[in-house]
Amino acid sequence: MHHIFFFIIALLLPVTGYTTHKITATINPIHSLVSAVSYGITKPALLIQNATQIHNYILKPSDILKINSSDIIFYIDDKLEHFIPKIKNKILIKLSSCVPLLPVRNVPHVSNYNKDLHIWLSPSNAKKIVKRICDVLTEYDPQNAFTYANNTSIVLSKIDQLSHNINNILRNVKDLPYVTTHDAYQYFEKYFELNFAGSLSPSDSTNISAKTLSNITKTIIKHNIKCIFTESQTSKNKYKILSKHASIQILDLLGNNKYQGKDAYFKMMHNLAITFKQCFLKNSNNRI
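For the sequence shown, position 211 (counting from the first letter as 1) is numbered 992 according to the numbering used here, and the numbering increases by one without interruption.
There's no promise every hint is true.
[As the list claims (entries may be wrong)] Straight-line Cα separation of at most 25 Å, BS3-like style, residue types lysine-lysine; simulated pairs:
| no. | residue 1 | residue 2 |
| --- | --- | --- |
| 1 | K992 | K1063 |
| 2 | K1003 | K824 |
| 3 | K1003 | K992 |
| 4 | K860 | K871 |
| 5 | K1063 | K971 |
| 6 | K1003 | K1063 |
| 7 | K1003 | K939 |
| 8 | K875 | K803 |
| 9 | K824 | K896 |
[Claimed, not checked] Distance ranges between label pairs, derived from CB positions:
| no. | residue 1 | residue 2 | range |
| --- | --- | --- | --- |
| 10 | H945 | I1002 | 27 to 37 Å |
| 11 | D916 | I1031 | 10 to 20 Å |
| 12 | S995 | K869 | 42 to 52 Å |
| 13 | D916 | H945 | 21 to 31 Å |
| 14 | I1031 | K955 | 20 to 30 Å |
| 15 | D916 | K1048 | 22 to 32 Å |
| 16 | K1025 | S850 | 48 to 58 Å |
| 17 | G821 | K1048 | 18 to 28 Å |
| 18 | A991 | D852 | 21 to 31 Å |
| 19 | Q1059 | S995 | 22 to 32 Å |
| 20 | Y921 | K1025 | 34 to 44 Å |
| 21 | N948 | I1031 | 16 to 26 Å |
| 22 | I872 | D956 | 17 to 27 Å |
Since the hints were made in silico from the structure, they are not lab data.
For glycine and all other residues, C-beta sits at the position ideal for the given N, C-alpha and C.
All chains, please: the whole structure from these sequences, using the hints.
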């Protein structure tokens, strides 16, 4: 009888010794979701660390070592992680293909690719990404299918709860207009129905003209905008001239400097919402 009991328990345990696939995710939010789905089976590697933006990221020797030791690499899109097409003999999983992509706004001339790839900022997209991760891991490691499915169910529930919590955080500030220096947040903005008034550029690394700066200044004054959001201290300094009209706050859309692991995505998204609300609280004359 005891032998049967232990045999059943053994069947329910993850078969960690079976899987030989080494997994890497390119950016922190995706690494977090992969870590959550694969929890108890393996610990994926994070490729890009401590970067405030990835549009023009150049691989370091340590990054190349991670790639060489990987079997499966989860990434957003080769138009975001430009180094992806150079990677050979790896299982490359493009996650942008599993979600509806929004067009880049107000950029008729930037490139021949006009899709916004900051897809993880929508909880709806995050759920689709999690399901895709589960499908891939189950395909290449079927022995642990039960654990992947169970983890996925937990993560999907956590995303629903996250969405509910963020809606509560932002409930009283959704009508307040704001400006961004880099138009990277429209998935977050549209999902939570925020009042986006404009951006300075499609990319944080794009230089803006004096005309664009003048137009956005007029928008800030006209709509009494109190909050400008940017991604880094460097960018904040770059647009310091606007600080006499509105408060400039840093939004961390990757969570690199604060969070890592399976809970990083949830902490990063929660922190985004808190940063939005705190700026409005500070600069809205106690309206909220």
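Do the hints match the structure? See the list:
1. K992 <-> K1063: violated (29 Å)
2. K1003 <-> K824: violated (50 Å)
3. K1003 <-> K992: holds (16 Å)
4. K860 <-> K871: holds (18 Å)
5. K1063 <-> K971: holds (23 Å)
6. K1003 <-> K1063: This hinted pair holds, its Cα atoms lying about 20 Å apart.
7. K1003 <-> K939: Violated: K1003 and K939 sit about 40 Å apart, past 25 Å.
8. K875 <-> K803: Holds - the C-alpha atoms of K803 and K875 are around 17 Å apart, at most 25 Å.
9. K824 <-> K896: Violated, because 31 Å separates the two Cα atoms, which is more than 25 Å.
10. H945 <-> I1002: 27 to 37 Å: Once the Cβ atoms are compared, 36 Å apart, the range 27 to 37 Å for I1002 and H945 holds.
11. D916 <-> I1031: 10 to 20 Å: For I1031 against D916, whose Cβ atoms are near 35 Å apart, the range 10 to 20 Å is violated.
12. S995 <-> K869: 42 to 52 Å: About 47 Å separates the Cβ atoms of S995 and K869, which means 42 to 52 Å holds.
13. D916 <-> H945: 21 to 31 Å: holds (26 Å)
14. I1031 <-> K955: 20 to 30 Å: holds (21 Å)
15. D916 <-> K1048: 22 to 32 Å: holds (26 Å)
16. K1025 <-> S850: 48 to 58 Å: For K1025 and S850 the Cβ distance comes to about 50 Å; the hint holds.
17. G821 <-> K1048: 18 to 28 Å: Given range 18 to 28 Å: holds, Cβ gap about 20 Å.
18. A991 <-> D852: 21 to 31 Å: Violated, since A991 and D852 (Cβ atoms, about 50 Å apart) do not stay within the stated range.
19. Q1059 <-> S995: 22 to 32 Å: For Q1059 and S995 the Cβ distance comes to about 29 Å; the hint holds.
20. Y921 <-> K1025: 34 to 44 Å: This hint is violated: roughly 55 Å between Cβ atoms.
21. N948 <-> I1031: 16 to 26 Å: holds (23 Å)
22. I872 <-> D956: 17 to 27 Å: violated (45 Å)
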